[in-house]
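Chains as they are written, first to last, in my numbering: chain D, 1 to 333; chain C, 334 to 658.
A few of these clues could be false.
Stated by the list, open to error - Cut-off 27 Å, straight-line C-alpha distance, at most; resulting in silico cross-link-like pairs (DSS-like, lysine-lysine):
#1 D/K142 with C/K506
#2 D/K93 with D/K222
#3 D/K21 with D/K111
#4 D/K325 with C/K354
#5 D/K325 with C/K458
Stated by the list, open to error - With beta-carbon atoms standing in for the labels, derived distance ranges:
#6 C/N589 with D/D239: 44 to 52 Å
#7 D/T291 with C/K610: 52 to 60 Å
#8 C/C508 with D/F242: 54 to 62 Å
#9 D/E13 with C/K354: 40 to 48 Å
#10 D/N305 with C/I500: 18 to 26 Å
#11 D/E285 with C/Y626: 50 to 58 Å
#12 D/T291 with C/K631: 29 to 37 Å
#13 C/S553 with D/K182: 26 to 34 Å
As the list claims (entries may be wrong) - Computed list of chain D residues with no C-beta within reach of chain C, every gap over 10 Å:
#14 S56
#15 Q68
#16 L192
#17 S293
The hints are simulated quantities; they were obtained by calculation from the structure and are not laboratory data. Yeah, the Cβ is synthetic: ideal placement off N, Cα and C, and Gly gets one too.
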Amino acid sequence: MKKFTHHYGADLEWVQSFASKLKGRVQGNFIVLPETISNGERYFLECEKGVVALYSDAIYQIDTEFIQENISDDFLSIYYTLTEGEAKVTGNKFSYSIGRWYFNMVVVDSKTKAKFQAMAGSKVFVLCIFIKKDIIESLYNKNQKFSQNPNKCKNYNQIKMQEMQMYRMNNKSFHAITDLRKIKAGGILFDLNLMGTVNLLINEYLTILNEEREVLHLVNKKDLSEIMLSQRYLMENIDIPFPGNKLIANKANMSESKYINLFKKVTSDTPCNFFICNKLIRSKELLQENTLSIAQVATQINLTNSYFSSKFKSYFGISPKTYTKQLQRYDRD
Amino acid sequence: MIEIDHYYSLGPDWQKEVAEKFNAKYISEKILLMPESCGKGSMYFTEVIPGVSVTLLDIVVSEKVKLNRRKSEQNLYILQYDLSEDGNQLEINKKKYELGDENNLGLALIDSQIPSTFIPVVNKKVFTLRIIVDKKMLNLHIRDESNTQKIKKNLLYYNYIDSDSKILIHSLKDCSPFDVGFEAFIKGITLKILANFINFYLNPKELAFKIIRAETDALSKTIDYLLNNLQYQFPHIVFLAEMAGMSVSKYKLLFNKTYKIPPRQYFIQEKVKYAYKLLTSQKFNSMNEIILYLNYSKAKYFIEQYEEYFNRSPYNDFVTIKATP
């Protein structure tokens, strides 16, 4: 296994040394790595002062380990990943699989020494956000004072920070990232979309902090992986009618109530709602492709026509008919 | 009626002025709460990136309000996305425009150098997102001169909101400016909408009339039928529409859009072309034979149609049967 020790930061100082350590070079906003390690895109952008995004979509040729030893400890790294294949993150105390169907949102304090492993052949997709702690703090505290019930809200300093926090990203973030992935990296359109997506993701992180969502590594590991497996099952069988909580709970070897509770903890959504939302998002993609009529799309995702239209309208705010009328797409080339 | 003078700028100074004039509560240079005397709701403002700011107006007014915007010092464009329940009035140079509402156009691009008046509807939800962009920043990305000219000439550019931007703006309706992370959220939405806007001008293609594949297949099925039955009379349009599985009006519309000619006209044109082939085929003794073969009831009618298409009489083209030696 090839090992690299490097550092990140919330400014662009790390870029040059990162590239040279991996025997690559910096070209515009791209970091080009030698093809013996990986081929694909690696794009960095300073969104604003103290917020840097690194967008990476690559296939690894050899087993690679990135050991992150940061010089400064004043920032947080938030990783959103849709990796397909084997990848792992290791901290001081524990080690977890990460990827599309595992933990896909990891927050690491910059003072932690974290190791990231990617196995040969895995399709690694990561969107990293490096953000100064005081920016997060000021964003968080700013709106706390408007809160309706001031007794409940906490100051940022009172939140217990683990050295490494594992989450499953919510549906909205998942699709924000998939949308970003459809656009070709580089150029003003991508920059604006990347900055936009980064801001949406920061919003999600702030919401998680506020909700005090249970940090997932405290939940029984086996149960958790069952939940993620059943999410995968639902996503891969998006065209069937909802199989019912009982059936999927059975599949995951849990009682119905335990299953629903745990599912809510992981996704902050009920299984049925999660399923319908994904159906609707899939239908939006189908409408974008513009080969099927609205009725055909409804049949495709197994909803009746009128139910589909009303659900679509309540979820997206406009009806499918209006949606198809004013469609505008990005050209990938 | 309340009348208020204001201007736009990239910084929060303009909002402060509005707050003072309205006598409204103004919180941390971001949120303006409408005074209860004239309605409820809020106006949110934040800077997004250098050269881009955004303000979200989410109010219900209980009496008529007139917002007179004066010329601003900075050179700006204002992108106004309107998703209100009913049409709001926008007055520029004494010309009135309706914005918002499902049926109206929702996007307006306004030059900050030209004053305008905005009159929101009374007792209905007013929901508008205004992106304030530095002219230099936008002109840099919209290189096409004709677009900037268009804006200058009409004083205002007026269009539909594209679907994805509409969905993005709708998602703002679900949150309140007091939510944690709202600032990051609205910034993200603004940047994505701006990217959509620029994309539209970088690749200026007409929003093509969308025909789905199943429909094109059905159309070509009827075309095949027509071409195989040129010899007979034009089948009724109801028959063709039924064959394609559409209503008559939809069939006509789609046919027109795809082939740029109405179905009947198309049939006659193909029939006349076929007649030309027959005329020159040297297989017929007289022209009357051909006219009968093509199921015309009157020879005169055929000649008319033929002349219209080829600009010459069919007699000129007719070649009689080859005399066998």
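Do the hints match the structure? See the list:
1. Annotation: proposed proximity of D/K142 to C/K506 holds, straight-line Cα distance about 21 Å (limit 27 Å).
2. Distance hint between D/K93 and D/K222 is fulfilled; the C-alpha atoms sit about 18 Å from each other, no more than 27 Å.
3. About 21 Å separates the Cα atoms of D/K21 and D/K111, which keeps this hinted pair within 27 Å; it holds.
4. Of the pairs offered as hints, the one joining D/K325 and C/K354 is violated, with about 41 Å between alpha carbons and a cut-off of 27 Å exceeded.
5. Of the pairs offered as hints, the one joining D/K325 and C/K458 holds, with about 24 Å between alpha carbons and a cut-off of 27 Å not exceeded.
6. With their beta carbons about 35 Å apart, C/N589 and D/D239 fall outside the hinted range of 44 to 52 Å.
7. Between D/T291 and C/K610 the beta carbons are some 37 Å apart, a value that contradicts the proposed interval 52 to 60 Å.
8. Our hint of 54 to 62 Å for C/C508 and D/F242 is violated, since their Cβ atoms are close to 28 Å apart.
9. For the pair D/E13 and C/K354, the supplied restraint of 40 to 48 Å holds, since their beta-carbon distance comes to about 47 Å.
10. Hint check: D/N305 to C/I500, Cβ distance near 21 Å, so the stated range 18 to 26 Å holds.
11. About 53 Å separates the C-beta atoms of D/E285 and C/Y626, a value consistent with the hinted range of 50 to 58 Å.
12. For D/T291 and C/K631, the hinted distance range of 29 to 37 Å is not satisfied, since their beta carbons lie about 46 Å from each other.
13. Between C/S553 and D/K182 the beta carbon distance is about 31 Å. The supplied range of 26 to 34 Å therefore holds.
14. No beta-carbon of chain C is positioned within 10 Å of the beta-carbon of D/S56; the least distance is around 20 Å.
15. Listed as a non-interface residue, D/Q68 keeps its Cβ farther than 10 Å from every Cβ of chain C; the least gap is roughly 25 Å.
16. Its beta-carbon lying about 4 Å from the closest one in chain C, D/L192 breaks the requirement of being farther than 10 Å from that chain.
17. Distance to chain C contradicts D/S293 as a non-interface residue, since its nearest Cβ pair spans about 5 Å, not more than 10 Å.
Hints 4, 6, 7, 8, 12, 16 and 17 from the earlier list are contradicted by this structure; the remaining hints agree with it.
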